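Go ahead and model the full structure; you've got the sequences and the hints to work with.
Take a look at the letters that make up each chain.
Number of protein chains: 2
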Amino acid sequence: MSTGDKQVDIVRRRWMAASAAGAAAGLSGWSPSSLAQAQPGAKPMPAVASFKDADAMIVHSANGIETRRDAFGSSGITDVERLFLRNNLGAPNAAIVENPDAWKIEIDGVTSPASLTVGDLKRMGLDTVAMVLQCSGNGRGFFEHKASGSQWKVGAAGNVLWSGVPVRDVVAALGGVRQGMRYMTSTGGETLPPGVDAARIIVERSVPWTAMEEAILAWELNGAPLPLAHGGPLRVIIPGYYGVNNVKYVKRLAFTVDETQANIQKSGYRVRDIGKKGDPTQPSMWEMNLKSFVTSPSADGQKLRAGLLQVQGVAFSGGSPVRGVEVSVDGGKTWQTARFVGPHMGRHAWRQFVAQVNLPPGKYMITSRAIAADGSTQPEQRVENERGYAHNGWRDHALTVTVA
Amino acid sequence: MSTGDKQVDIVRRRWMAASAAGAAAGLSGWSPSSLAQAQPGAKPMPAVASFKDADAMIVHSANGIETRRDAFGSSGITDVERLFLRNNLGAPNAAIVENPDAWKIEIDGVTSPASLTVGDLKRMGLDTVAMVLQCSGNGRGFFEHKASGSQWKVGAAGNVLWSGVPVRDVVAALGGVRQGMRYMTSTGGETLPPGVDAARIIVERSVPWTAMEEAILAWELNGAPLPLAHGGPLRVIIPGYYGVNNVKYVKRLAFTVDETQANIQKSGYRVRDIGKKGDPTQPSMWEMNLKSFVTSPSADGQKLRAGLLQVQGVAFSGGSPVRGVEVSVDGGKTWQTARFVGPHMGRHAWRQFVAQVNLPPGKYMITSRAIAADGSTQPEQRVENERGYAHNGWRDHALTVTVA
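So the sequence lines, in the order shown, correspond to chains Z and S. So that you can map any letter, position 281 of the first sequence is 281 in the working numbering, and since no number is skipped, the others follow by simple counting. So that you can map any letter, position 27 of the second sequence is 27 in the working numbering, and since no number is skipped, the others follow by simple counting.
Hints may be right or wrong, so weigh each one.
Each pair may be met inside one copy or between any two copies, as identical chains are not told apart.
Derived SDA-like pairs (lysine to any residue); straight-line CA-CA distance at most 25 Å [to be verified]: (1) 333 <-> 61; (2) 333 <-> 371; (3) 104 <-> 259; (4) 104 <-> 305.
Read the hints as simulated data drawn from the structure, not as lab findings. Values in this document were obtained by computation on a predicted structure and should not be read as measured data.
Quick look at the structure:
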């Protein structure tokens, strides 16, 4: 983390402690020592996420909550009570989800810019998409250079259903995108702390404007109104893109010539060598790479009974879609083809897979690798980078279990 | 309701009041008068369903809770907090879901009958299916002869994901179904009240044995362990069949020569003319018929603003799969083709549909009708029958709204 990032982080934390959400969550008294006294090793669930199933989650911080590897289930869809949570700033006041249809968004960079309410959007079109939501730093906990940020293992990802209006329907109703625009830039509605340059902390992200073809402005998650914690009343959903691009409480969607100058875009979420600072010449965390991981067995060192076993997991990609998955029980020496289970919910959803194995007593290193339609294969090794982004190496994701 | 049925109902209610579940739910003090004092028109959520979203539900009784028509959303999957609930007997003690893998089921009518735990089943195979769960009496509230039972309108139905082991995998591991068996008979694990002939009240259902091809023994619902209210630790899931056949807390699955002699099979859930008693010669509530209904707009008498409107709903069938849906805003005089929205989750799931209409001020009667792959069409009228089963007539499901 750069010195600048650190300062912002300190400001942010102070702000959170003073904000309503922070106070409600008891964050003002939240320090490592008080936690240790309360419950060794476990942090309290923040108020904004009080509806989460605590037994299924790992709380890294008030803004970073991970799904336990043994809590993904086999249904293909991640229950919202078990979906990871990552916020770059504290959530706005909960009052904004009391009358969600009244939330306003500015649409700009189109022929006829407009201010629309969610109520207006609901009359303009409808689509539903099953999509993997994954934090850029998912897998950061496997890096060895202590990359700063939440030490996610596999659980900063989930597959969920979003409903809303296609961005292309809104754009069409407003006369189309203006000539020369190259980016779609979304601005979050978080309340910014006073006395800080907005560009340093505002959640504003730009993606190539063509992403609008599949993007939706969503007000619903898994069949229920989008909760505040996950960006309600309105969130921009960009299928195939890392979580940070799916801006919450979206208050402005603009087609722009340039990327936003906000730090979260300019220097944040950039892939660079270890020790380097972030800058706009480096790749931005946009499309997700090809990835899979085993969810059952679910823990290193697990002890299992000999015999038949259903090795399960999930596979997904933001680019060329997943065509197949292979499973290994010997640390990658040999592989067997896994079978997909359950409905295929579209190319942006993850596929649930299972491989039946028959294990005599012994020690096994169990892992999976995904194969994409274009023939590319999930790599063995992670790509080292400063912030521990985009980890899809199958070796670090392996589990070693004992069968007796 | 026959006199026999009524007696059983009285016994059942007394038993529920005395049982742990009943006491925990405060059912012993639950009478129309006390309810009226507490909250006019609203009944309390029973303890077993305390996790339900009260704002999304209509509580008919402690064993009958309906999803509000405006609470289905557009995501295709019904959130478990919004899924209807119907129990024929009170749920067993909640202790049975504390260690779900220990639950035992007897498998009989196979070459090698066996007693298996859920832990054993989890090692034997895996499948996930998206399936409409619908009460036989869904739509009963539209009948005019006051059919006995919960007065469901549209909300005793939901589309959810079930994970478990395919019954055919279990059967194959036990040497196959014995010669001459014609039914698959499932027995529920409810605790029966003392002093009553078990056959009168036990939840035991038989379906044609070929239904085993798609059936699963499920321990997971929408990505989380199956809750007690919905049949956890283990429920038999028979895709395409009405809810009652999907026996909860299943403790025995047997292939049998004859249908069970339990009342719930012999005389209950039989379609017969008004005034007739149930008997085994009448059709049993097995495969669901072709059905659709509008979910948005969502109320009779709703007032809407003139202009564009997205008419939404769901369509499903237990037989020939849904091929298309048509929407009418003039009470069936003219129809327009609706569009499917979101992922297609398989033939047993429902399809979310939407039709964009542009309505000038006036009064509209909005409804939908589904068309199946075999060319059959959802009928206009209900089929009158004593218990108000299987209502799929599109006229009763229509909503009259005012646009200004």
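Violated constraints from the hint list, given by number and in increasing order:
When the structure is compared with the hints, only number 1 turns out to be violated.
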